[in-house]
Amino acid sequence: MAFLHDLKTQTSVVHAALEKQLDIVRYFESKTSYVKLLERFFSLYEPLEENLAQALDWRSEGWDFESRRKTPWLTEDLLALGLTAQDISALPRCTALPDLTPPGAAVGCLYVLEGSTLGGQVITRLLKQHLEVTPETGGRFFSGYAEATVPQWRDFGAWAEDWALRHPEQKAAAAEAASQTFDSFTRWFQ
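The sequence shown begins at 0 in numbering that gives the first Met the number 0 and counts up one residue at a time.
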């Protein structure tokens, strides 16, 4: 998986900066602080996924983007934790998003979003331990694809590697957009 390895290497510094900035465990002090975390994620994911949906003709590239959206999971969690649909719709939306203009940029951004499901598996255990939140009671977003998370990541990896072979001229745009995506998250959580 040379392409994914290259993306990981090229984004390692900005990825580490995000993890340091986010310090996700601090949001597990109370359900109120956890809801604030989910609100922030929703406010970034929703516009980002809308941009992603328009950035590439996913079906012609052989990818089912719609089935990989995370915004419905965040909505489910926020509703389970007491927000109303009106509350959710009133949340501010992030506007400092990565430029997804070149086709490769969409793939780089998707790399970040799909990769985040891997870390979510650890967070799911911490949520249960600290707040007694399960995937059914407000932890759906972090549970990702549940038991299918690793197979889903492998499916994405195989698709991305194939995409990179078909579009080698877009690999630099993918790496740049992946870095911009990490930066967008870091800035949004400041």
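Worth flagging that the hints you see were computed from the coordinates, not collected in a lab. Some clues are possibly wrong.
Claimed, not checked - Below, in silico cross-link-like pairs of lysine-lysine (DSS-like), each with a Cα-Cα straight-line distance of 25 Å or less: (1) Lys19 with Lys7; (2) Lys30 with Lys170; (3) Lys7 with Lys127; (4) Lys170 with Lys7; (5) Lys127 with Lys35; (6) Lys30 with Lys7; (7) Lys19 with Lys30.
For each hint, the structure was consulted:
1. Distance restraint check for Lys19 and Lys7: the Cα-Cα separation of roughly 17 Å lies within the 25 Å cut-off, and the hinted pair is therefore satisfied.
2. At most 25 Å may separate the alpha-carbon atoms for a hinted pair to count; Lys30 and Lys170 exceed this at roughly 41 Å.
3. Our distance criterion of 25 Å between C-alpha atoms is broken by Lys7 and Lys127, whose separation comes to about 29 Å.
4. The suggested pairing of Lys170 with Lys7 holds, with an alpha-carbon distance near 13 Å, which does not exceed 25 Å.
5. Restraint check for Lys127 and Lys35: satisfied, since their Cα atoms lie roughly 17 Å apart, inside the 25 Å limit.
6. Between the alpha carbons of Lys30 and Lys7 the distance comes to roughly 33 Å, so the proposed pair goes past 25 Å and is violated.
7. Distance check on the hinted pair: Lys19 and Lys30 sit about 22 Å apart at the alpha-carbon level, within 25 Å; holds.
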